[in-house]
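Please put together the full structure from these sequences, using the hints given.
As given, the protein sequences belong to chains A and B, one line each in that order. The opening residue of the first sequence carries number 19 in the numbering used here; numbering runs sequentially from there. The opening residue of the second sequence carries number 19 in the numbering used here; numbering runs sequentially from there.
Among these hints, one or two may not hold up.
[What the hints assert, rightly or not] Partial selection, computed: residues in chain A whose CB lies under 10 Å from chain B:
{"#": "1", "residue": "D454"}
{"#": "2", "residue": "K491"}
{"#": "3", "residue": "E492"}
{"#": "4", "residue": "Y537"}
No lab work stands behind these hints, which were simulated from the structure alone. Every residue, glycine too, gets a C-beta built ideally from N, C-alpha and C.
There are 2 protein chains.
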Amino acid sequence: MSDASIDLYIQPSADPHLSEYVADRFKARQFLSGFKGSAGTLVVTAKKAALFTDGRYFIQAERELKGSSITLMKMDMAGYPTLEEWILEELNNEGSIGYDGRLIAASEESKLHRCLKSKNYSYITSQDLAESAWDSRPDYPLTKVFVHPLAYTGQTASDKISTLRHTLNKQNATAYIMSSLNDIAWLFNIRANDVAHTPVAYAYAIITATSAQLFIKKQQLDANVTEILYRNQVDILPYDNFYSYLSQLKDEAILLDPDKVNALMVSSTSTNNMHIHCSDPVFHMKARLSETEENNLRQAQIKDGAAMVKLLHWFDNNVASGELTEADVELKAAHFRSQQSLFIETSFKSIPAHGSNAAMMHYSTPENNSPKIPAKSLFLLDSGGQYMDGTTDITRTFTAGPLTEEEIRDFTLVLIAHIRLNRVHFLQGVTGTNLDIIARQIMWENHIDYKCGTGHSVGYLLGVHEGPARIKKEHTDVVLAPGMVLTNEPGIYKEGKHGIRTENTVIVKEAASNETGTYLNFDVISYCPIDTRCIDKSLMRNEEIEWLNTYHKEVFEKLSPLLDTDEVGWLQNATKAI
Amino acid sequence: MSDASIDLYIQPSADPHLSEYVADRFKARQFLSGFKGSAGTLVVTAKKAALFTDGRYFIQAERELKGSSITLMKMDMAGYPTLEEWILEELNNEGSIGYDGRLIAASEESKLHRCLKSKNYSYITSQDLAESAWDSRPDYPLTKVFVHPLAYTGQTASDKISTLRHTLNKQNATAYIMSSLNDIAWLFNIRANDVAHTPVAYAYAIITATSAQLFIKKQQLDANVTEILYRNQVDILPYDNFYSYLSQLKDEAILLDPDKVNALMVSSTSTNNMHIHCSDPVFHMKARLSETEENNLRQAQIKDGAAMVKLLHWFDNNVASGELTEADVELKAAHFRSQQSLFIETSFKSIPAHGSNAAMMHYSTPENNSPKIPAKSLFLLDSGGQYMDGTTDITRTFTAGPLTEEEIRDFTLVLIAHIRLNRVHFLQGVTGTNLDIIARQIMWENHIDYKCGTGHSVGYLLGVHEGPARIKKEHTDVVLAPGMVLTNEPGIYKEGKHGIRTENTVIVKEAASNETGTYLNFDVISYCPIDTRCIDKSLMRNEEIEWLNTYHKEVFEKLSPLLDTDEVGWLQNATKAI
Chain A
19 MSDASIDLYI QPSADPHLSE YVADRFKARQ FLSGFKGSAG TLVVTAKKAA
69 LFTDGRYFIQ AERELKGSSI TLMKMDMAGY PTLEEWILEE LNNEGSIGYD
119 GRLIAASEES KLHRCLKSKN YSYITSQDLA ESAWDSRPDY PLTKVFVHPL
169 AYTGQTASDK ISTLRHTLNK QNATAYIMSS LNDIAWLFNI RANDVAHTPV
219 AYAYAIITAT SAQLFIKKQQ LDANVTEILY RNQVDILPYD NFYSYLSQLK
269 DEAILLDPDK VNALMVSSTS TNNMHIHCSD PVFHMKARLS ETEENNLRQA
319 QIKDGAAMVK LLHWFDNNVA SGELTEADVE LKAAHFRSQQ SLFIETSFKS
369 IPAHGSNAAM MHYSTPENNS PKIPAKSLFL LDSGGQYMDG TTDITRTFTA
419 GPLTEEEIRD FTLVLIAHIR LNRVHFLQGV TGTNLDIIAR QIMWENHIDY
469 KCGTGHSVGY LLGVHEGPAR IKKEHTDVVL APGMVLTNEP GIYKEGKHGI
519 RTENTVIVKE AASNETGTYL NFDVISYCPI DTRCIDKSLM RNEEIEWLNT
569 YHKEVFEKLS PLLDTDEVGW LQNATKAI
Chain B
19 MSDASIDLYI QPSADPHLSE YVADRFKARQ FLSGFKGSAG TLVVTAKKAA
69 LFTDGRYFIQ AERELKGSSI TLMKMDMAGY PTLEEWILEE LNNEGSIGYD
119 GRLIAASEES KLHRCLKSKN YSYITSQDLA ESAWDSRPDY PLTKVFVHPL
169 AYTGQTASDK ISTLRHTLNK QNATAYIMSS LNDIAWLFNI RANDVAHTPV
219 AYAYAIITAT SAQLFIKKQQ LDANVTEILY RNQVDILPYD NFYSYLSQLK
269 DEAILLDPDK VNALMVSSTS TNNMHIHCSD PVFHMKARLS ETEENNLRQA
319 QIKDGAAMVK LLHWFDNNVA SGELTEADVE LKAAHFRSQQ SLFIETSFKS
369 IPAHGSNAAM MHYSTPENNS PKIPAKSLFL LDSGGQYMDG TTDITRTFTA
419 GPLTEEEIRD FTLVLIAHIR LNRVHFLQGV TGTNLDIIAR QIMWENHIDY
469 KCGTGHSVGY LLGVHEGPAR IKKEHTDVVL APGMVLTNEP GIYKEGKHGI
519 RTENTVIVKE AASNETGTYL NFDVISYCPI DTRCIDKSLM RNEEIEWLNT
569 YHKEVFEKLS PLLDTDEVGW LQNATKAI
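Next up, the structure:
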């Protein structure tokens with residue numbers, strides 16, 4: 019920092035594509051801080067260092083930062099400064115602020131500059147300081163790209179690009195620049211393995227009225243993929259040429275989403291072009307599944323449910339020994355998924371957590387010396403799969419042995435929250451902000467809160483946590499629409515005690531339409547029993563009990579054909595009406 | 019329009035202070051269109067005219083525009099253009115757009131210009147065309163200003179101004195310009211009668227670090243008021259000098275809220291000063307009642323409830339005759355309120371509506387030939403009072419005779435929605451957008467929607483519909499906080515059938531605080547029985563029935579001391595547990 023004349027350096031978690039999960043090469047924040055959570059920003063001055071992260075990671079970050087000189091800043095909690103307030107405090111009236119302009123969204127950069135504009139700060143945005151500090155930094159991954167076939171996508175890349183061009187045209191845009199790996203993978207119907215759990219390739223793209231340019235490392239493309247891309251009128255250019263190509267653009271009206279492109283992409287094109295800010299059109303196009311995608315996803319969910327039942331059956335038969343470890347459960351879940359047809363990989367690093375470990379919302383168990391599971395309390399498993407026919411994400415919390423009254427009560431509250439959200443009908447036009455309280459209400463009634471959203475969109479053979487839609491108490495302007503896939507995952511997390519979450523995936527459907535409007539609701543598409551041994555039925559309303567019994571009936575019908583006799587017996591018992 | 023070279027003229031409903039209710043002088047939109055609702059914008063070209071209004075007024079506007087050549091544009095309904103889309107359609111690529119820059123908020127003007135910027139339109143913003151079209155236009159009202167005494171406000175004007183100066187200082191502002199009549203009345207502890215139902219005086223104000231300038235017509239001030247204002251270090255300047263004074267401001271950092279000041283105020287100060295845009299600080303200061311204000315308001319609500327019970331008792335004894343008119347009920351309600359201590363005037367034009375008339379959310383009954391009330395169906399009365407010790411707003415729907423099953427069912431649904439919202443606990447930090455669905459959920463479940471918000475703030479001896487907080491499904495960024503006063507008023511409105519609304523006022527209170535956050539809830543402060551003859555108890559949950567019985571017990575305890583023997587007997591019966 020002192021060589022580069024930087025007084026304060028900001029190290030975000032992102033890669034240049036602002037991915038949630040990134041290739042090892044881009045885990046610089048983790049390398050520098052030791053904190054392994056997927057979200058967090060490290061800020062360093064000559065004397066101090068602070069890590070800003072959100073409620074999902076408070077417990078984990080506290081543990082992983084212990085012994086370092088880095089102070090944990092709990093975002094959105096009273097008594098903690100925002101990143102900008104911290105900077106103002108540390109830098110006072112002047113100083114130079116450094117960051118890599120590729121690792122920060124254009125909108126975040128604007129906000130940062132706006133919040134700090136009263137001071138006389140300078141910005142050095144071309145420095146990747148992690149590079150010099152990190153001797154054994156991994157190289158770019160160069161995994162093989164494969165085509166996502168028409169049977170699963172329902173639409174060719176060329177058809178998708180043509181729909182996109184209509185949108186650009188309507189917005190009077192002549193060019194559209196893309197860096198989101200998920201959006202690019204979806205638009206071009208390509209996938210790869212550059213990032214663990216998210217089957218994407220590192221790439222950029224530029225779409226104009228007449229061209230579709232894909233910037234990607236050519237080593238990743240075989241002749242077949244190249245041929246199919248050419249057939250879809252896609253030009254292939256070298257990944258490393260992207261920024262120099264960008265800076266040569268001239269007289270274009272460039273459509274871009276400041277939340278989805280990095281600051282360097284904006285500054286590289288700001289002199290000779292016009293910018294049209296707009297919520298990313300591909301982000302929204304891909305959020306509503308086509309009929310083909312939906313039919314495929316429903317199949318993937320059934321296979322995934324069968325794998326989950328095999329896992330739960332195995333767990334029930336083996337937990338009493340006290341010898342199982344959390345890592346055993348993670349491996350076994352991956353094993354049962356891998357036996358399902360069209361399986362590619364797990365859709366995120368599983369969370370297999372016993373007892374109080376589950377209070378860490380994004381816990382991951384150590385690979386070595388993973389803790390043994392005592393035959394008591396609750397066990398939480400959050401896991402999912404990437405299948406050629408879709409992405410899954412499911413959490414079940416289940417009994418590992420005798421439970422406390424508090425565990426049973428909290429499990430039931432979470433289940434009630436989950437069921438209420440699943441049963442809600444809502445007017446077309448509202449967002450996930452309107453719906454959040456339907457799940458959260460019973461928590462707030464009991465003066466409990468979970469420090470995270472209630473649901474997120476799920477990609478289709480793409481990111482497991484994707485936008486645009488979210489169900490959360492904070493503002494979102496993404497209107498829920500038929501075909502959107504979301505999770506429903508309220509929880510209760512009590513530090514030192516237990517963590518409980520019940521998560522299904524739902525798809526938005528039209529429920530009714532009359533002169534007062536169109537009403538939507540959720541169709542649940544995850545199939546896996548919810549542990550009835552943990553329920554205090556007396557807390558539930560009749561309609562909630564009915565929902566559970568109906569759901570369990572469907573689970574049995576859908577999954578039993580995929581199971582062996584023992585497993586069917588287990589499932590029959592697990593799905594008995596309460 | 020053609021003399022002024024204007025191709026399209028926009029006539030909003032507002033006065034230069036952007037008041038919801040305006041003096042007759044400013045009812046130009048009503049004069050020009052014939053539509054009497056409080057919200058709506060008329061747009062006129064050489065060939066066409068359109069009136070844009072929201073869901074509260076669709077039925078009323080349809081009726082009042084019948085026979086005119088004005089087309090009704092239903093805002094936010096599918097198939098209807100926005101105001102800007104209509105302009106683009108009518109004007110095509112060029113033309114001149116006229117409006118009076120004092121009658122449109124600065125933020126609305128920005129939005130208008132932004133939406134139309136792709137075209138080559140010119141703007142003529144200094145023309146009040148209504149002036150020439152309106153021969154017998156009323157003059158400014160010049161009612162007497164009176165001081166709102168310390169016993170009711172708990173704070174002197176000079177104390178309030180001093181708190182405000184801290185805020186200005188924090189925002190690095192040197193001046194703050196105000197046009198909101200409600201904000202000015204609150205800040206200076208003055209009231210008047212310039213606008214029916216809202217006890218304010220037409221005034222502007224400018225606050226700096228050293229001065230507090232009130233622009234008001236001097237005829238309205240007597241020696242006593244002048245003396246008290248001087249004692250609070252307030253300078254009094256002529257109302258008519260405001261814009262010329264503004265345009266002489268120089269080198270000021272002016273804090274203003276673009277939603278609360280008109281476009282002319284912004285353009286008058288834009289050349290030689292800096293603007294700091296900020297949500298209006300006084301708007302937020304006055305939203306949270308002080309202890310003095312709250313204690314006073316609770317008294318006012320009890321008096322208001324007693325007046326309501328007298329009215330309901332009288333109605334029950336007289337409705338069977340079939341000779342009562344809606345106007346009789348309105349007058350009688352005003353009469354009973356006027357007998358209460360510290361009463362000033364009604365807080366809005368009452369809505370006394372029988373049967374299908376009540377389906378018009380903002381119905382008002384004709385003064386002459388008001389319809390007689392048949393002894394059947396439901397009667398809705400939305401009414402309130404301005405008292406020296408606070409403002410009330412309450413709606414009851416009650417039986418005028420035999421009811422249909424549908425009326426009983428809908429009444430019960432509205433009651434359930436009302437009770438659910440009243441019972442909710444919520445984390446500090448959320449807004450009315452988060453809460454709206456708590457009331458609306460049972461409507462949406464039944465595929466019904468009410469086309470309005472669920473609640474609004476109520477001023478303190480000020481506007482009955484005030485911001486900043488709202489409970490509505492649309493986005494609001496106003497965080498609910500202890501001391502805020504809101505209405506809770508879900509409804510069902512079925513054109514040609516009936517309209518049902520149950521409205522109480524609530525105050526936000528702290529319910530609990532622990533390591534997960536601070537939880538708030540609502541304390542109901544309106545006291546008046548809810549007609550138990552209209553309820554289908556089988557639709558209600560036990561906790562909802564319990565709420566109603568507990569509420570009715572409190573109503574009886576609070577109100578019976580203010581009633582005569584007959585009325586007490588009636589109330590005892592009306593508040594019997596169900």
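Now for the hints, and whether the structure bears them out:
no., hint, in the structure
1, D454, "holds, 7 Å"
2, K491, "holds, 6 Å"
3, E492, "holds, 9 Å"
4, Y537, "holds, 5 Å"
Hint check: no violations occur; every hint is consistent with the structure.
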